[in-house]
Structure formats: structure tokens, C-alpha cells
Amino acid sequence: MKKIIFAAFAAMVMTVFSACSVEDPTVVAGREWNPANQSVADTTSTFKMNEQMVVQFRYGKNFDFGKLKTTFFEGSVENKGREIWSHEIPVSPKVAVYTLQGKSKMGGLMNAKEMTRLKKPGTVLVEFSADGKVLASKTISVELP
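The sequence shown begins at 0 in numbering that gives the first Met the number 0 and counts up one residue at a time.
Don't take every hint at face value.
To be verified - Heads up, simulated BS3-like pairs for lysine-lysine below, C-alpha to C-alpha not over 27 Å straight-line: (1) Lys-68 with Lys-118; (2) Lys-93 with Lys-68; (3) Lys-137 with Lys-66; (4) Lys-132 with Lys-60; (5) Lys-68 with Lys-119.
In case anyone wonders, no lab produced these hints; they're calculated from the structure.
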């Protein structure tokens, strides 16, 4: 009984603290998806071409825009190259997180090669924007297996 009360109290305290603070928008990339808490696990910025890849945009508060655009570029923030691909989706103001993951042709989640659409190892910039303004970006390196 004490454990249940303590767990409930801890959850309430975490809710109060999370409601008081607003984090900056961030992009998180990782190899695994944790469905229990809807977040990316095993975060990293370097992937082997054959490793699973999940990208998550965390806004820090509920979305205050109607459409979110995801764009992959060759290069990095300092040296942005050509656009590889982009996708714009409508989003709800009830949501604060957008997760980009796809099904691989070989089963499971997409690997880094499929997600980034790179033909050979390199660096990509993942950029999330809304209303023409870049909200957050992340540079990801993709290497040979």
C-alpha cells in the first residue's frame, strides 16, 4: 500500500514539475522505439546503414501551428546541401511530439539507409519547420555496417 501511495505521489510531483517547465524544441534520433512511453530509446547521432532509425520532434508544449514539415538535407547545419526529401503533415494542437518512423521493406522499422534515402554513407540534416520557420534540427551521420 505504501508503495502505491509513494508511486502516485511521485507521479503527481513529476506532473507538476513538467507542467511548470517548457523545454526548447528538440530532435531526438535513436535505434529503438519504446511504445510504453511513446519515446525514442537508445538515442544517438551516428547510425550504421542497416540499423533501425526512429526520429522524434519534441516541441516542449502543445503544437501552436497547423502543419509540420520534416525535411532531410545532405550535409550538416554548418554546411547544408541539397534537399533529399520532405514531407508536410497536418498536426493537432493537442499534441506536443511527432514521431517519424516507417515500416521497412524487409519487416520491422525502417533502417537508416531507408529513412535518410542515402545511397552511400554520409551526413544528413533533419529539420522540422512550421510556417516557414525552422523549429529544430539535428545532424545525423550514417556509416557502413
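Verification of the hints:
{"no.": "1", "hint": "Lys-68 with Lys-118", "verdict": "holds, 23 Å"}
{"no.": "2", "hint": "Lys-93 with Lys-68", "verdict": "holds, 17 Å"}
{"no.": "3", "hint": "Lys-137 with Lys-66", "verdict": "holds, 19 Å"}
{"no.": "4", "hint": "Lys-132 with Lys-60", "verdict": "holds, 17 Å"}
{"no.": "5", "hint": "Lys-68 with Lys-119", "verdict": "holds, 25 Å"}
When held up to the earlier numbered hints, the structure conflicts with none and fits them all.
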